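Visitor: Listed here are the chains, written in short residue letters.
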Amino acid sequence: MELDDFKQLYRQTIPGDSDTRSAGELADCMRSKTHSITGKVKRSILLEFAVAVIFIALAVWAWFAYPSRLARPFAMLTIALCCIFFLYLGALYKKILVYEQTPPAVKDSLRQVITILRQFTRLYFQFTMISLPIVFIFGLIAGYLNINGDPGIGHFNWFRGIVFYTIAFTLWCIVIYFFTRWYIKKLYGNYLSQLQQQLKDIENG
Amino acid sequence: MSGEKDFIQSIEQHQRIIHKVCNLYMNNEQDKKDLFQEILLGAWKGYGNFKGDAKFSTWLYRVALNTAITFYRKEKRQIKTAELKEQTAGFIDNHSGQEEQMAAMRGAIADLSTIDKALVMLYLEEYDYNEIGSIMGISANNVAVKMSRIKTKLKERAEKYL
Numbered sequence: 001m002e003l004d005d006f007k008q009l010y011r012q013t014i015p016g017d018s019d020t021r022s023a024g025e026l027a028d029c030m031r032s033k034t035h036s037i038t039g040k041v042k043r044s045i046l047l048e049f050a051v052a053v054i055f056i057a058l059a060v061w062a063w064f065a066y067p068s069r070l071a072r073p074f075a076m077l078t079i080a081l082c083c084i085f086f087l088y089l090g091a092l093y094k095k096i097l098v099y100e101q102t103p104p105a106v107k108d109s110l111r112q113v114i115t116i117l118r119q120f121t122r123l124y125f126q127f128t129m130i131s132l133p134i135v136f137i138f139g140l141i142a143g144y145l146n147i148n149g150d151p152g153i154g155h156f157n158w159f160r161g162i163v164f165y166t167i168a169f170t171l172w173c174i175v176i177y178f179f180t181r182w183y184i185k186k187l188y189g190n191y192l193s194q195l196q197q198q199l200k201d202i203e204n205g
Numbered sequence: 001m002s003g004e005k006d007f008i009q010s011i012e013q014h015q016r017i018i019h020k021v022c023n024l025y026m027n028n029e030q031d032k033k034d035l036f037q038e039i040l041l042g043a044w045k046g047y048g049n050f051k052g053d054a055k056f057s058t059w060l061y062r063v064a065l066n067t068a069i070t071f072y073r074k075e076k077r078q079i080k081t082a083e084l085k086e087q088t089a090g091f092i093d094n095h096s097g098q099e100e101q102m103a104a105m106r107g108a109i110a111d112l113s114t115i116d117k118a119l120v121m122l123y124l125e126e127y128d129y130n131e132i133g134s135i136m137g138i139s140a141n142n143v144a145v146k147m148s149r150i151k152t153k154l155k156e157r158a159e160k161y162l
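Protein sequences appear in the order of chains W and Y. Using the numbering used here, you'd call the opening residue of the first sequence number 1 and step up by one each time. Using the numbering used here, you'd call the opening residue of the second sequence number 1 and step up by one each time.
For each label pair, taking beta carbons as the anchor points, the in silico distance ranges come out as:
| no. | chain 1 | residue 1 | chain 2 | residue 2 | range |
| --- | --- | --- | --- | --- | --- |
| 1 | Y | G48 | W | C83 | 25 to 33 Å |
| 2 | Y | V145 | W | K7 | 14 to 22 Å |
| 3 | W | N204 | Y | K160 | 17 to 25 Å |
| 4 | Y | K51 | W | K94 | 19 to 27 Å |
| 5 | Y | K160 | W | F86 | 50 to 58 Å |
| 6 | Y | K51 | W | V53 | 37 to 45 Å |
Listed next, the in silico EDC-like pairs over lysine to aspartate or glutamate satisfying Cα-Cα at most 16 Å (straight line):
| no. | chain 1 | residue 1 | chain 2 | residue 2 |
| --- | --- | --- | --- | --- |
| 7 | W | K7 | Y | E125 |
| 8 | Y | K5 | W | E25 |
| 9 | Y | K155 | Y | D111 |
| 10 | Y | K155 | W | D4 |
| 11 | W | K33 | Y | D34 |
| 12 | Y | K32 | W | D19 |
| 13 | Y | K33 | W | D19 |
| 14 | Y | K33 | W | D28 |
| 15 | Y | K55 | Y | E125 |
Now the stretches of chain Y that chain W is said to cover, found in silico as 3 or more residues with beta-carbon under 8 Å:
| no. | segment |
| --- | --- |
| 16 | 26 to 39 |
| 17 | 44 to 50 |
| 18 | 64 to 72 |
| 19 | 111 to 117 |
Honestly, the hints are just simulated from the structure, not real lab data. All of these numbers come straight from a predicted model, not from anything done at the bench. Don't be surprised by glycine CBs; every beta carbon is placed ideally from N, CA and C.
Between the sequences and the hints, there should be enough to build the whole structure, so can you do that?
Guide: Here it is, written out as structure tokens:
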């Protein structure tokens with residue numbers, strides 16, 4: 001059988017309306033939560049927004065709780081980075097809204113979803129990595145302030161302390177680096193490969 | 001709320017399109033329901049920008065296919081192609097003649113890639129190559145080339161089922 005023969009028979013035997021939903025059922029369906037990939041990324045962006053707000057609040061608290069010369073530049077750096085993060089996330093969020101509101105042709109849709117996912121995963125990875133030196137500096141400052149301010153601690157070997165801290169932190173960074181890469185790949189890796197394959201299929205020929 | 005009312009009314013009239021796309025891409029009942037809901041939500045989000053310069057059915061096909069092709073779902077719920085082949089073979093064993101050939105063709109369509117399935121669906125719905133091209137985002141010539149390849153592929157595959 002050829003596809004054109006099938007087409008004739010298919011047109012004659014279009015299935016019945018057993019699945020038909022009423023207006024009420026359709027309205028209920030419209031109020032449920034979306035599980036689309038763009039909806040998922042949007043929820044993740046909102047979560048990242050919330051985390052950035054918490055970081056800003058902590059930085060403001062540190063500004064007042066540790067009125068030292070060391071703590072304040074750290075607080076400012078944290079706030080500045082969170083603001084940059086806000087801008088990038090906001091731009092990505094807006095891009096998703098535009099995509100959702102103006103459904104493009106299938107090829108463009110694939111391209112846009114791939115771009116959105118790539119940008120989101122890159123942003124997530126870059127900011128995770130950028131936060132590491134900030135946490136390193138914060139740990140160093142907090143350690144210095146605690147040790148200096150505690151009369152119970154006698155002579156402290158700063159050189160050995162800093163070397164130990166640096167080695168431990170470097171190991172932690174290596175773990176975070178590989179974990180983040182694995183986590184992103186686990187979440188979106190296979191899905192992105194599928195989308196890229198589909199884009200290749202539509203572009204070829 | 002009249003926007004919502006209009007939208008629901010239009011969907012009520014054209015929901016067959018959504019069901020067809022769900023049946024084409026999903027085998028599991030739960031996945032079909034999930035995809036139906038996603039297509040509906042996607043259509044509702046874009047409805048505000050639907051200017052009526054294309055037919056509602058064409059616009060809905062575009063939204064439905066976009067959603068189905070980029071649908072994100074857990075791997076474990078997908079029915080593997082081997083299972084589909086078994087189902088088709090089982091059907092063919094119990095039927096004869098035209099039904100058998102129809103089942104073989106349906107099995108061959110189910111084996112196609114995601115993009116080829118979309119092209120076949122639009123072709124079966126009697127869209128011309130220009131319209132298919134506009135929904136898929138490719139030229140009419142490109143659609144013609146792809147359809148010619150798909151037809152050959154389907155003929156060979158359907159014969160294998162028989």
